[in-house]
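Engineer: As a plain string of letters, each chain reads:
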Amino acid sequence: MLKTSKEMILLYVFVGLFLLMSAASPSKFLTLGNLQSMATQLPELGLIALGMMVVIITGGIDLSITFTAALSGIVGALVLSSGYSAGVEGTAVIFLIIKALLATLITALICGFVNGLLISYVGVSPILVTLGTMTLFEGMSVWLTKGGAISGFPGQYQWIGNGYLGFIPVPILIFIVFAVLTLILLERTAWGRSVYMFGCNPVATFFSGINTKKVVMLVYLYAAMMAAMAAIIMTSRYNSAKVDYGSSYLLQSVAIVVLGGTDIAGGYGKVVGTVVAAGIVQVLSSGLNLIGINRFMVDVTMGVLLIAVLLLNSFISKRKQGKGVKKEPKKIGIAV
Amino acid sequence: MSQMPFLQMRNINKTFPGVRALDAVRLEILPGEVHALVGENGAGKSTLIKILAGVEQPDPGAEILIDGKPANIRQPIDANQQGIAVIYQDFSLFPNLTVAENISFGKEIGLGKRFVNWFEIKETATNALAELGVELDLNLQLERLPVAKQQLVAIARALAFNARFIIMDEPTSSLSRGEVESLFKIIGTLKEKGIAILFVSHRLQELFTIAERFTVLRDGKYIGTYLKDELNEEKLISLMVGRRIEFIKQSRSKTGPVLLEVKSLTKKGNFKDISFTLHKGEILGLTGLVGAGRTEVVQALFGLNVPDSGEIYLDGVKVNIRSPEEAMGLGIGYIPEGRQREGLVLRQSVAQNISLALLKKIRGKFGLLNAGKEKELVEEYMEALDVRPRLPNMLAMQLSGGNQQKVVLAKWLATRPKILIIDEPTNGIDVGAKAEIHKLLRQLASQGMGILMISSELPEILAVSDRVLVMRRGRLVGEFAIEEATQEKIMNRAFMGMPGRVTA
Amino acid sequence: MKQRTKSKELWIFIILVVLSVLISARSNVFLRPDNLIDLLKNNAVLGIMALGMTLVIITGGIDLSVGAAVAVLTVLIGKFMVTFGGNLLLTFLVAVAGGVIIGIINGTLIARANIPAIVVTLGSMSIINGLMLYYTNGSWINDLPAWFIDFGKITLFKFHDAGGNVVGIPIQIIIFLIMALLTWALLKYTLMGRAVYAVGGNPVSAKRVGINIERTLIFVYAYMGFLAGVAAVTHTSIMRQVDPNAFLGFELQVVAAVVVGGASLAGGNGSIIGTVLGVLFMAVLNNGLILTHIPTFWQKIIVGLIIILAVSFDVIQRKRMEKSLPRVDVEY
Amino acid sequence: MKKIIALLLSVLFMVSLLAGCGSDKSNTQSQQQQGQQQTASTKDNKYKIVVMPKLVGIPYFNASEQGAKKAGQDLGVEVIYTGPTKADAAEQVKMIEDLINQGVDAIAVAPNDPAALTPVLKKAKDKGILVVDWDTPADKSVVDLSVHQIDDKQYGEHIWDLLVQSMGTDSAEYAIITGGLSAANLNTWINYGLEYAKSKYPNLKLVTDKIPSDEKQQVAYQKALELIKAYPNLKGIIGISTPAPIGAAQAVQEKGLQDKVSVVGTGLPNDSKTYLKDGSLDVATLWEPAKLGYLTVALIKDMLDGKKPTDGQEVPNVGKIQVQSDGKTVIMGPPTDFTKDNVDQFNF
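Chains as they are written, first to last, in the working numbering: chain H, 152 to 487; chain L, 152 to 655; chain E, 17 to 348; chain Y, 44 to 391.
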């Protein structure tokens with residue numbers, strides 16, 4: 152059974168694509184430089200997708216996630232650029248950076264809190280709430296920046312998005328840390344368990360003494376935290392903050408999450424799936440870019456891949472069901 | 152029996168890949184008869200119904216005759232056009248459509264119409280309801296009707312396309328006693344019109360009241376068809392399970408000091424002035440008609456329905472319960488009536504369902520779940536409750552009703568509650584599993600747990616409880632020690648001696 | 017109080033009225049006939065699309081490919097008219113046929129292969145958009161035939177407003193109204209329309225009463241495609257040129273209008289009246305920003321806040337109402 | 044299991060086919076170009092020059108693509124014209140990352156956001172790649188060459204001059220409709236223009252802050268309608284970004300206000316022709332994007348050959364260029380104004 156799980160299929164697709172791209176342009180694709188650059192590119196979208204995944208597991212959606220990232224990045228950038236002038240050096244810079252990181256995180260958490268409050272405590276449906284907050288956060292970002300970019304950061308800040316530890320880019324390390332964190336939180340904590348159970352059946356979960364409102368609130372806070380992490384990487388990588396950084400990540404992150412096997416209706420979704428799906432998208436995008444395919448055909452390929460993988464999944468699960476009937480009723484039907 | 156049977160089914164086989172669900176089954180239905188189809192869960196009743204309804208196809212070689220002529224039922228519309236209607240356990244109605252539409256929809260589709268004539272829809276609905284002798288607001292959205300009335304809508308729908316044969320799958324499982332009686336009256340009316348009924352139920356007492364003939368299935372095999380006079384409950388059970396099961400009055404243990412005291416609990420539009428006590432080691436039966444406010448009261452004890460006034464004392468201490476989380480913290484467990492909707496997370500594993508209420512208790516280092524402890528607890532309780540098959544990773548939806556109920560019980564027992572509230576504990580569960588659950592409840596009581604049990608099935612109340620409370624229209628109207636309780640006395644209180652006033 | 021959906025529509029109506037009163041208190045232009053006509057005309061395309069999306073959402077689905085679909089259809093008719101000349105009827109037919117084909121493909125994948133609608137349409141959105149931009153490279157199509165431009169300028173029911181100016185109802189509003197009536201009648205008076213509600217309300221029961229679910233779903237997406245075709249013609253008749261990029265991000269606006277109009281993404285609920293009110297709400301909200309002289313940098317903040325307030329109030333008052341409903345007929 | 048693998052493989056083949064088709068097409072094309080244009084030079088010597096617009100798939104950047112490609116043919120260099128499908132700086136950075144690994148000789152980019160590109164352009168420079176900005180300036184410190192269509196300050200001022208000319212008065216109310224609030228180059232022109240107006244035309248009154256139009260004609264059209272109604276004394280509308288003046292002109296035309304409200308702005312001649320002719324659009328001003336593309340590639344080729352641009356240099360097919368004092372900022376020349384009289388002479 153495990154062999155044909157959604158995640159394994161994805162892994163095959165990933166490996167297949169990777170080999171294909173390597174074969175197509177070995178001298179370009181399989182270079183350290185390209186691998187490093189893919190590893191630098193993936194985390195922003197990957198982190199947002201992880202946040203989106205947790206929300207989708209509860210059966211919700213967070214349309215405001217990219218503007219949460221934009222707004223929190225801008226606030227962090229304002230702290231950073233307003234506190235930085237040529238004279239500031241040494242530990243003062245480190246403190247300033249820490250202050251900016253905290254400002255980014257706190258702003259994002261406030262955004263997540265607003266979403267969580269309206270969704271879990273007031274009871275408005277997630278799509279309506281985040282449709283509103285999406286516009287609100289965008290508006291606040293534009294208002295804060297007047298549409299321009301905030302820049303003028305200390306050079307040290309760039310290390311987060313552009314630095315290396317050994318030969319490994321820092322962003323991918325951040326991504327790995329948060330992917331593992333998400334994995335542990337979802338699979339090994341009471342909250343994570345409740346998230347899955349809530350996604351399948353909120354009523355039964357509530358009736359089992361779980362504080363579902365708190366669970367949902369934490370979900371939106373967590374998504375906001377992922378947005379903040381993505382924002383930090385983005386502001387550092389681009390050495391500035393602006394309202395439309397990452398604005399194309401919204402539907403892309405939803406696409407990655409569903410490609411990763413997460414059930415859009417909630418209740419099922421694996422970190423591994425989302426991570427591999429993000430990898431697939433990255434390999435496809437970078438690979439086709441290296442080969443020199445028209446960008447629009449890259450979009451087309453992504454669309455084809457999305458539908459093809461899900462067709463494959465549905466085909467396999469139909470077959471599995473066919474097989475399942477064979478065994479299971481024997482075991483359970485006549486018991487009692 | 153010289154009459155031409157309405158329906159004859161012979162040599163019905165149904166093989167799913169690797170499993171034989173039906174093996175040479177036969178069934179004969181006479182016009183205007185009430186026929187009971189009995190068998191344990193998994194005996195093949197639902198497969199047979201699905202074949203009749205056109206949802207499933209039998210294996211080749213099956214003979215289905217209607218009015219003596221071979222019939223071909225390939226899809227639901229065919230069944231409808233042959234005069235066969237199925238009232239599923241969940242009624243298969245549309246919550247978002249009006250009563251009128253729910254009644255007339257099937258007919259309109261059957262006629263192959265393209266446009267909706269609202270006048271005709273209402274007329275069809277009015278006629279069908281008049282035939283039943285019931286009045287309902289035709290423009291009301293179905294989801295706003297109580298369950299019993301939804302069932303009437305489902306029956307009216309069957310009448311609307313002139314069904315000559317109505318299959319009722321567990322029609323009484325969500326009805327109160329009084330409503331069951333009205334349903335039986337309606338079945339009587341249908342009979343008079345020459346409409347045959349196939350009645351599927353686990354409540355044997357009801358079957359003996361209403362059915363004339365019984366067809367028994369076991370493990371997908373045809374066991375036989377019997378006249379009512381040839382059978383009694385005991386014999387029927389032995390035919391169904393193939394072995395004798397004793398359906399006994401459970402032995403009682405001594406009850407202890409007061410565990411829970413409720414004083415004049417009131418909530419507007421829910422219940423008024425409810426006071427009672429629950430003792431350690433006691434099973435307190437709570438009965439009454441559906442809609443009498445029983446569920447609303449117990450939900451108040453579990454923090455799901457915060458009362459306007461009144462007090463709740465636990466071990467003599469006044470408590471304020473505002474959420475299930477708080478109730479659980481106080482040692483209260485609640486097993487709701489809607490097992491599939493409220494009790495279980497069907498798409499998750501048995502193990503995860505059992506440990507769901509325990510998550511706080513199995514937290515280890517750094518707040519991580521202790522997998523070893525979880526496994527231990529899950530195995531312990533699956534064993535204790537004899538959940539079969541003993542596969543913790545199986546999805547809850549793959550279990551039979553009885554085992555699902557055991558999983559819900561396991562979930563709550565694992566929290567070691569002082570008080571267990573259980574709403575319709577054996578609803579839709581077959582005979583063997585019922586007895587097991589009754590025994591288990593008594594066992595728990597003898598270990599000192601206080602159990603508050605809601606049930607509409609009086610034999611169940613009488614077989615299990617120590618004391619019986621009766622509710623009517625949001626108020627407590629009677630309390631009986633088990634020694635003095637009889638079905639008649641309880642019903643009297645539930646109806647206040649005026650059964651005629653309560654219409655379904 | 018009688019039906020939940022009805023109260024939902026009433027509530028949006030109240031919010032819409034409040035919003036309009038607030039705006040007209042600050043702007044005497046808002047309620048002028050010419051402004052209201054402009055407002056309706058400029059939101060006719062959104063409205064036509066939202067009608068189709070209502071059906072899709074009632075079945076519990078969603079169609080994210082509508083923006084791409086309408087864009088590709090505008091290109092299609094643009095190229096068609098420039099290359100072949102053609103006439104109005106043919107142009108309509110081309111647009112509608114193209115839309116229906118896209119819809120049938122979406123619907124078939126959703127109904128037959130059982131892939132969630134959001135995934136299928138997310139995929140088809142990138143495929144359609146990608147292919148269209150690959151082939152057009154985003155170039156505008158100019159020089160549409162004169163008869164088409166004239167068609168776009170048609171106004172009916174001319175009357176004199178307070179200032180003595182002649183005001184008429186533009187053809188685009190008429191198209192929107194016809195489509196709204198058509199869709200309303202479809203939902204109310206055809207068995208297919210009732211099947212749409214039935215499938216959204218309870219698919220299992222729908223199958224049991226003999227509704228062909230696959231056919232219903234394919235019909236719904238095809239109808240969405242049909243309206244995308246109508247919207248493409250309407251849009252092009254307003255703009256008089258074709259910009260392949262004109263509908264980027266449009267799908268979220270359409271979904272927003274429908275869900276604000278009271279349809280639930282869970283399926284089963286939604287109505288044409290609600291959707292029309294939802295479209296009007298979004299239209300009035302946007303129209304009011306400049307008329308009430310709200311500074312540019314505050315506009316999005318205010319739009320966001322009003323949407324949040326509107327949807328929250330709706331839920332709060334409904335919850336309050338449901339709480340006060342008696343569950344038991346208590347004897348006093 | 045086998046079936047699954049087979050299915051997977053077929054999916055991969057599909058993708059590879061798609062990929063293959065695309066790459067074949069571009070390869071053969073460029074080979075043909077080589078064959079025709081540059082028989083003398085071998086494939087290895089050909090410079091690979093990336094020209095990246097803010098986004099692909101809009102008319103303006105399509106026109107520059109034609110120019111850039113033409114220069115590639117004329118001068119015997121390989122031009123890779125590619126960019127994101129959305130005007131998103133993040134996407135641009137990612138693409139440049141990929142292109143650095145492709146091993147190119149020069150990257151010319153029209154930044155969606157100058158600051159955002161600085162780190163990645165630095166990286167490119169470190170790899171020995173010639174870094175150029177075009178259309179919109181990037182961070183001055185990282186670029187080796189900066190190709191401007193126009194002097195931003197002059198252009199902003201020019202637009203305001205056109206407004207005053209068209210209105211026939213410098214004492215009037217006007218509004219600005221811009222492509223997007225966060226578009227850096229549009230903001231630059233507007234800011235220069237506003238500053239200029241403050242001193243030169245103190246009686247011009249901007250009724251409200253610039254209104255965004257999402258780069259869409261229909262939004263510009265709606266906003267213009269609302270502006271006309273909200274500000275009854277409005278005499279002029281400036282549209283910045285190519286769809287904006289067209290949308291505004293359409294609103295003016297529909298309301299029959301050609302004589303009352305003047306519309307000026309940045310527009311492509313083909314798209315604005317109708318409105319110029321009926322008088323609703325008074326004047327559109329732009330440079331020739333194709334020339335800009337051509338110039339960018341031509342100058343890069345020179346730089347790669349070791350030649351620096353000089354002030355007053357005559358570039359074939361483009362004309363005389365100006366070079367500013369820093370020696371690396373090149374300005375193509377003054378903008379072209381399109382009016383109803385001359386618009387038919389242009390085709391882009």
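Don't take every hint at face value.
Claimed, not checked - Below, in silico cross-link-like pairs of lysine-lysine (BS3-like), each with a Cα-Cα straight-line distance of 25 Å or less:
id, chain 1, residue 1, chain 2, residue 2
1, H, Lys365, L, Lys590
2, L, Lys414, H, Lys365
3, L, Lys273, E, Lys339
4, L, Lys386, L, Lys372
5, L, Lys590, L, Lys386
6, Y, Lys196, Y, Lys89
7, E, Lys169, Y, Lys320
8, H, Lys297, Y, Lys320
9, E, Lys335, H, Lys364
10, Y, Lys89, E, Lys169
11, Y, Lys170, Y, Lys196
12, Y, Lys350, H, Lys297
13, L, Lys512, L, Lys419
14, H, Lys365, H, Lys297
15, E, Lys169, Y, Lys113
16, L, Lys273, E, Lys335
17, Y, Lys196, Y, Lys168
18, H, Lys365, L, Lys372
19, L, Lys469, L, Lys526
20, E, Lys223, L, Lys419
21, L, Lys201, E, Lys223
22, Y, Lys351, Y, Lys383
23, L, Lys419, E, Lys335
24, L, Lys524, H, Lys421
25, E, Lys95, Y, Lys320
26, H, Lys364, L, Lys414
27, Y, Lys168, Y, Lys91
28, Y, Lys383, E, Lys169
29, E, Lys223, H, Lys365
30, L, Lys300, E, Lys339
31, H, Lys364, E, Lys339
32, H, Lys469, E, Lys223
33, H, Lys364, L, Lys511
34, Y, Lys371, Y, Lys113
35, Y, Lys298, Y, Lys170
36, L, Lys414, E, Lys339
37, L, Lys414, H, Lys421
38, H, Lys365, E, Lys95
To be clear, the hints were calculated from the coordinates, so they are not data collected in a lab.
Engineer: Could you run down the list of hints and mark each one as holding or not?
Structural biologist: Outcome of the hint check:
1. H:Lys365 - L:Lys590: Between Lys365 (chain H) and Lys590 (chain L) the Cα gap is close to 38 Å, so the pair fails against 25 Å, i.e. violated.
2. L:Lys414 - H:Lys365: The given pair, whose Cα atoms are some 31 Å apart, is violated under the 25 Å limit.
3. L:Lys273 - E:Lys339: Not OK: Lys273 (chain L) and Lys339 (chain E) at ~31 Å, beyond 25 Å, violated.
4. L:Lys386 - L:Lys372: holds, 18 Å
5. L:Lys590 - L:Lys386: Answer holds: Lys590 (chain L) to Lys386 (chain L) is near 21 Å, not above 25 Å.
6. Y:Lys196 - Y:Lys89: violated, 37 Å
7. E:Lys169 - Y:Lys320: holds, 18 Å
8. H:Lys297 - Y:Lys320: Distance ~36 Å between Lys297 (chain H) and Lys320 (chain Y) Cα, so the pair is violated.
9. E:Lys335 - H:Lys364: holds, 16 Å
10. Y:Lys89 - E:Lys169: violated, 54 Å
11. Y:Lys170 - Y:Lys196: violated, 34 Å
12. Y:Lys350 - H:Lys297: violated, 41 Å
13. L:Lys512 - L:Lys419: violated, 36 Å
14. H:Lys365 - H:Lys297: violated, 36 Å
15. E:Lys169 - Y:Lys113: Measuring from Cα to Cα gives roughly 41 Å; hence the hint is violated.
16. L:Lys273 - E:Lys335: violated, 31 Å
17. Y:Lys196 - Y:Lys168: Violated. Lys196 (chain Y) to Lys168 (chain Y) sits at ~29 Å, over the 25 Å cutoff.
18. H:Lys365 - L:Lys372: Violated, because 51 Å separates the two Cα atoms, which is more than 25 Å.
19. L:Lys469 - L:Lys526: violated, 36 Å
20. E:Lys223 - L:Lys419: violated, 40 Å
21. L:Lys201 - E:Lys223: OK: Lys201 (chain L) and Lys223 (chain E) at ~12 Å, within 25 Å.
22. Y:Lys351 - Y:Lys383: At roughly 39 Å apart (the allowed maximum being 25 Å), Lys383 (chain Y) and Lys351 (chain Y) break the hint.
23. L:Lys419 - E:Lys335: Measuring from Cα to Cα gives roughly 16 Å; hence the hint holds.
24. L:Lys524 - H:Lys421: holds, 24 Å
25. E:Lys95 - Y:Lys320: Given pair Lys95 (chain E), Lys320 (chain Y) holds - Cα atoms ~23 Å apart, limit 25 Å.
26. H:Lys364 - L:Lys414: violated, 30 Å
27. Y:Lys168 - Y:Lys91: holds, 15 Å
28. Y:Lys383 - E:Lys169: holds, 23 Å
29. E:Lys223 - H:Lys365: violated, 38 Å
30. L:Lys300 - E:Lys339: Cα-Cα ~22 Å, so holds.
31. H:Lys364 - E:Lys339: Distance ~19 Å between Lys364 (chain H) and Lys339 (chain E) Cα, so the pair holds.
32. H:Lys469 - E:Lys223: Given that 25 Å is the threshold and the Cα spacing comes to 19 Å, the pair holds.
33. H:Lys364 - L:Lys511: holds, 16 Å
34. Y:Lys371 - Y:Lys113: Distance of about 23 Å is within 25 Å: holds.
35. Y:Lys298 - Y:Lys170: violated, 57 Å
36. L:Lys414 - E:Lys339: holds, 23 Å
37. L:Lys414 - H:Lys421: violated, 49 Å
38. H:Lys365 - E:Lys95: The hint is violated at about 55 Å.
Checked against the numbered hints above, the structure violates hints 1, 2, 3, 6, 8, 10, 11, 12, 13, 14, 15, 16, 17, 18, 19, 20, 22, 26, 29, 35, 37, 38; every other hint is satisfied.
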